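**Q** Read off the chains here:
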Amino acid sequence: MNRPSLQATRASAFSRLDFRAKLAVFAAASVAAVLWNDPRLSLGLMLATLGACLGAGISRGYLWLMGRLMAPFFLLLLLTHGFFNVQYVLRLTGHAHLTPLFTLPARLPLVGGMIFSAEGFYYGLNVIAKSMTLLLLVPLCVFTTDPNNLVVGLVRMRVPYPFAFAFTSTLRFFPLLFDEVASVIEAQRLRGFAAEELGPVARVRTYAKVAVPVILGALFKAQQVEVVLQSRGFSGRRGRTYLHDSRLGAASAATIALCALAVAVVVVLRIRLHLGAFVVPGGT
Amino acid sequence: MPEAPVARLENVSYYYPGAERPALLNLNLELAAGEVLGLVGATGAGKTTLCLALNGIVPQLYGGRFFGRAAVAGLDTVDHPIHELARHVGVVLQDPESQLVTASVENEVAFALENLGVAPDEIRRRVDEALAAVELDGLARKHPHELSGGQQQRLALAAALAQRPRLVVLDEPTAQLDPRASAEVFRLVRALSRERGTAFVVASHAAEELAQTAGRIAVLSRGGLAALGSPEEIFRDEALLRRERIRPPGVTAAFAALRAAGLTTRPPPVQLEEGLAALRELPPGRPFAVPEAPRDAGAPPVLVARDLRFAYPDGTRALDGVDLVVRRGEYVALLGQNGSGKSTLLRHFLHLLEPSSGRVEVEGRDVASRRVTDLARSIGYVSQNPDRQIFNPTVEAEVAFSLLPLRLPAAERAARVDRALGALGLLAFRGAHPLSLPKGDRARVVVAAVLVMDPAVLIFDEPTIGQDEAGARSILEVTRQLHREGRTVVVVTHHLHLMPDYAQRVVIMAQGRVLADTSLRAAYHAVDLLRTAHLEPPQAALLARALHPDNWALTPEELTASFAAGGGPPP
Chain X
1 MNRPSLQATR ASAFSRLDFR AKLAVFAAAS VAAVLWNDPR LSLGLMLATL
51 GACLGAGISR GYLWLMGRLM APFFLLLLLT HGFFNVQYVL RLTGHAHLTP
101 LFTLPARLPL VGGMIFSAEG FYYGLNVIAK SMTLLLLVPL CVFTTDPNNL
151 VVGLVRMRVP YPFAFAFTST LRFFPLLFDE VASVIEAQRL RGFAAEELGP
201 VARVRTYAKV AVPVILGALF KAQQVEVVLQ SRGFSGRRGR TYLHDSRLGA
251 ASAATIALCA LAVAVVVVLR IRLHLGAFVV PGGT
Chain U
285 MPEAPVARLE NVSYYYPGAE RPALLNLNLE LAAGEVLGLV GATGAGKTTL
335 CLALNGIVPQ LYGGRFFGRA AVAGLDTVDH PIHELARHVG VVLQDPESQL
385 VTASVENEVA FALENLGVAP DEIRRRVDEA LAAVELDGLA RKHPHELSGG
435 QQQRLALAAA LAQRPRLVVL DEPTAQLDPR ASAEVFRLVR ALSRERGTAF
485 VVASHAAEEL AQTAGRIAVL SRGGLAALGS PEEIFRDEAL LRRERIRPPG
535 VTAAFAALRA AGLTTRPPPV QLEEGLAALR ELPPGRPFAV PEAPRDAGAP
585 PVLVARDLRF AYPDGTRALD GVDLVVRRGE YVALLGQNGS GKSTLLRHFL
635 HLLEPSSGRV EVEGRDVASR RVTDLARSIG YVSQNPDRQI FNPTVEAEVA
685 FSLLPLRLPA AERAARVDRA LGALGLLAFR GAHPLSLPKG DRARVVVAAV
735 LVMDPAVLIF DEPTIGQDEA GARSILEVTR QLHREGRTVV VVTHHLHLMP
785 DYAQRVVIMA QGRVLADTSL RAAYHAVDLL RTAHLEPPQA ALLARALHPD
835 NWALTPEELT ASFAAGGGPP P
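Residue numbers (our numbering), protein chains in the order written: chain X, 1 to 284; chain U, 285 to 855.
With the rest of the complex left out, here is chain U (with noise of 0.2 Å):
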């Protein structure tokens, strides 16, 4: 007798309160013990509802209007509270801070057991054990916001895995961690569903990782379910990728390049080993040293540290001897692990921290003397979370907030409001609430309330973080044009991929320093040391630098032309 399913959607339909669209559309979805589901598809598409629903979560707590019928382990989520679908059901969020609730690594994951009433004994067994399992023991008695971001969520995860559920629902569980937490998470819930039989439910962007590691995956397109099947399905159905706006992994692309290059036949493979085998098939190819773009040491620097040295009140050393010259017109890409001190250096430049040693200028002014509001003409700072930048009734009042110190004539006002207004594509929201419009939009908003002073130089602070990939291109694209009129763009991302159509040169931080400090190109073939500083090139270049250690392809595009008789640059 085959073992029941340990989740099944019905005809599941679901509306949040005063909806009229739905959120979930006529779902049917089954689930064995061991399994690993992804959910992919565009933001709004309905993952994390569907996380919520397998929980009871929605909408025993949202409320609204349910369709259908889910279960988990047999119990209807409808029906049954949610603090005894509990026993049954992990949920780890996107967030790795905010799912935090106690004060201690230990009592994070008890926390759980206690309330389902677990005996101390057996909760201290399984506590150890989920520490155990996600590798967190010997940080017991940590607090939780001592530990890392990657730390945090592998903490998470124990939380949910203590619990013993027989499924766990993780929704976009790496979205705000670098390359190398991120693959920890991944390899952890390849092994718990291996060794322990618990199915998974992974929500995620990571398209590399859930090809490793998720056995079907769903397509979500508007709440319902657009596609079913194994990743090689999924992410080989181009149609189907450009529909629902779908990134396939980097040796997907790669390879399906090459197939409409005509230089293979087989079918794109999904997993990069299994990419790298693929390329014996292939003629070795040439060498593919685009050349470098010359660096403009021309232009006049506007951002410069010099031995910029700063610690936390902590004691935290998070910036360690940090020499930096951005010039004039260039666009640079910002990268390292969680905690490299980017954003800390990010922030000296706008005078929010004052180094402990070190100097730091900006337009060749020491900024010691400038104030934040002063220097706020010169750099535009667009953070990670739009909606911290957002505080009035509508996206012209928004827009027009950041010219009210410079105390300028109506008509000008207006005129300045217009021009940023049309740059960024929000014309027709003027009226509408900041608040209102979809992330992404947000994210344009706050742009455009930047760009309205007009400052030379942008800084946006992972802009990409929690948008699907035509989310993020969008705001990329913004960048590209702003960098064309001449602006000077810095851009910190754990993005790699999306990168190369962008930036001209990268810097690369780790523990507080400058690892490298090169071009985009160069960087991205020194795989080594982005792996020390735990980011993971795009497999493109992976698969580039094994055809040839001279073929320096980043894109899928570039790897094609550079089978193209006499290598060279792409067309």
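Just chain X, same shape as in the assembly (with noise of 0.2 Å):
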């Protein structure tokens, strides 16, 4: 039986870096995307990082979740910027005035005669790229990393001990939370209950009741859980020991080292050189 879980679906030369190295790559990838406004260059660190995302075995319907879920968001960023992002884009440019890519209809009311630029159209990938980079990372680094060591990790950066444990016990508690959601509703459909057919009023009303079962199950299981915890001498008291202690091996040191490297030559680069700027791309 399948069953859900966030984690990654295997193990990979990032997921064995220590937490700490993972947090190093997060935050030289978030400051090259928040640096950067080449469009080039964002949507190559999004690509970079959809493809540590898969090849570190994050789950591809999680990633397609994610990406249904940011649409219509990223749509509405697009649409902000290639139509109202004017002077900011001209100042970014250096232009007198921006390229129109099309102009709404004359006869629209409201928006008729509203012009579409390239300029805006470009902005506007450039920073889903950046939105969507942040958003990849979070999984990259938490979900390849195995709670104990997640732990283990943030007990190491001074997080005390129950908080942490209760941090990727929720990480974990989510997607079983979802799937007693999944099974209630299903139920109700196994019993004729057709959603779609409902009007808005009676489908929420209806669906408000999933919360009873829904509630009722993460209760039992959360008092499970609490049963499982304290039978195994779980008390959140000093003392506690580690099977797998983190140490810094030589893969994540170095990682920590290239990280700042490349945190240092992004800000340099950016600086003297202006690399990042925004561009249009083929523009001038």
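A couple of the hints might just be wrong.
Said to hold, decoys possible - Heads up, simulated BS3-like pairs for lysine-lysine below, C-alpha to C-alpha not over 25 Å straight-line: (1) U:Lys426 to X:Lys209; (2) U:Lys723 to X:Lys221; (3) X:Lys221 to X:Lys209.
These are calculated hints, taken from the structure and not from any lab test. Just so you know, these numbers come straight off a predicted model, no measurement behind them.
From these two lone chains plus the hints, build me the complex, please.
**A** Rendered as structure tokens:
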């Protein structure tokens, strides 16, 4: 039987790194994502991060779901920048006017005659790529880390153990909760309940009923987990030991060093050579 | 000087918060090192509460009122914090998945030791040792959820053992496991109690395994101790078994029936080997070949799978060319080990899954062209967890919910609800909250909610899991009644001993394929085939086979009847 989990489906060179090294990767990629406004670089960074996610075994289903959830926001971003981001893009490009990609027909009320600019479009793409990179870095770093190593990593970073454990437990709990909700909705469908045939109010009212078994199920599971944890001596006291203590291996140490170097290079190139400044691909 | 007991209960009574009836009542028990104590009793007798009282979860975590004294390894379970008691008591619960809290097998075993502050080198030693003891060495780096149900339960046992406790408490540890996985868990309990001197308390309905494993058995009834004795003393006491609704091992029931028929005077054995040896004292009997019930080949097919293949997104091949035809009016038992593909197959008939290849038909129509919600009018599905199918505030509303999509006139809707409630004996509970009812009744509510749609086919997925014998029989009686009304019934189960009274036909699945599709009698006597599918035939069938190669008896009654002059079917 398949079971929901957000954890990466396979081990990889990246997943074997210490969590602190992954945080360094996270920081370096975030710095680049924030500093770069060149849509080509931003897209490249996003694709590299996506590739790293796939290579590290992050569930394609999760990535697809993330893309689907974000798609409406990204569309809104693209439209906003294409139509409305004029002054800022003009300043970035140093041009006197923008290049129209298309103009909305004048007969349309309110928006008739509005110009969708190429510069705005590319800047929108750049923002989307930045956002997506930052979003992808979370599963890349968190879901490729064994929750126990995550706990140890967080404890080494002086996060109290009970909080670190609660954090990783939450990561495990969410897919289970979604699974629970899906099961109850499935049970409703198996009773002939077709949500798509109902009006919005009736639909919401019926879906609200899902809360009863889901909350009960969640409470039951939470109690079960508490019984298990307490039975295994979990108390949050000091003096806890770890089977795999967090020691930086050569690969992790090298990764941290490389990330530090990368950050320095990105910052210097951005300041000195303006590498990553906004440009319109194919433009001047 | 005699060794101090590992656990001692003195006049222990316990009330859950707000409860007026005690969950435990005046319990007195002692447990010695290396002893295995079986706990039996009907659902609600207090088995789980007693298990949790042994490591302080009751009352420390649950609250409530606790009287008397419980001590483990000399530590009072009320006065000493649970994490301190955890050094001496390991606990394994019923649901293998819900007790796995980390992301790798070795970390699961190490978790308690880390909490207890054991040095890393020592943790490593104990993890390796515990995994070797439960034969999971080599899987240390796996994610616990990648293991089979049986492996998960062994992992939970390893996690408990690594604490090197003096006592391990197992609460229904094999309820969700197939017979082979269940036998593995009990084999480990026997080995560990013998070799390490670990004491075990095992609450279970698995009479055959308890008879083989437990030194003593405690019978709980309404929280009190109804009886305490050796497996022989307990399982031979027919009045006690009847009163407390406890199923004896098949071999005991078989010999009790033979004894009642005057065919033997020996006290019924409780272990199969003993029973097989005792058969030598009996005449060989006659061939007892009950004619197979002819298949009703003329009835139209209602469920059809043709060369059905399915793989989950992670690549797990769950169905590998399944061909199956279920005809109208049949009662089919679908058997197979955990993960053999039974549930996956059923989900295809409900159109909850799309086949990778092959064809699925319900009532002659390709499922691909039908929606799940339409199929619900043809197939009623009762899952193994009724609580996931309950979401209304009253029993009546729960049953009426299924009729919402049909938009029936109010009078007809009310009449249908009344009929369904009446058929399931739920009229008295119509105003009650479904979740306030006992599990058996909750399952009935779900059956009523399905029945109200008047489906031609009913599918029950593991309806007897977690039920005592009486609860299981009660649900199966409902299935029998529905079958008698002309409906097609498919029941998925691991509890083979229950099926002879109900199913006509058996489909055995293994590794995503149909291993056998035959009459129940033929299937239950195909011992090697059953064992290939990790199943175990009822002990009465094994005794019958040992008596005579043509003795096809399945139940104690049939076994007794096979000695009747001329053999033949039972009266």
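**Q** For each hint, tell me whether it holds in the structure or not.
**A** Hint by hint, here is what the structure shows:
1. U:Lys426 to X:Lys209: violated, 37 Å
2. U:Lys723 to X:Lys221: holds, 17 Å
3. X:Lys221 to X:Lys209: holds, 19 Å
The structure does not agree with numbered hint 1 stated previously, though it agrees with all others.
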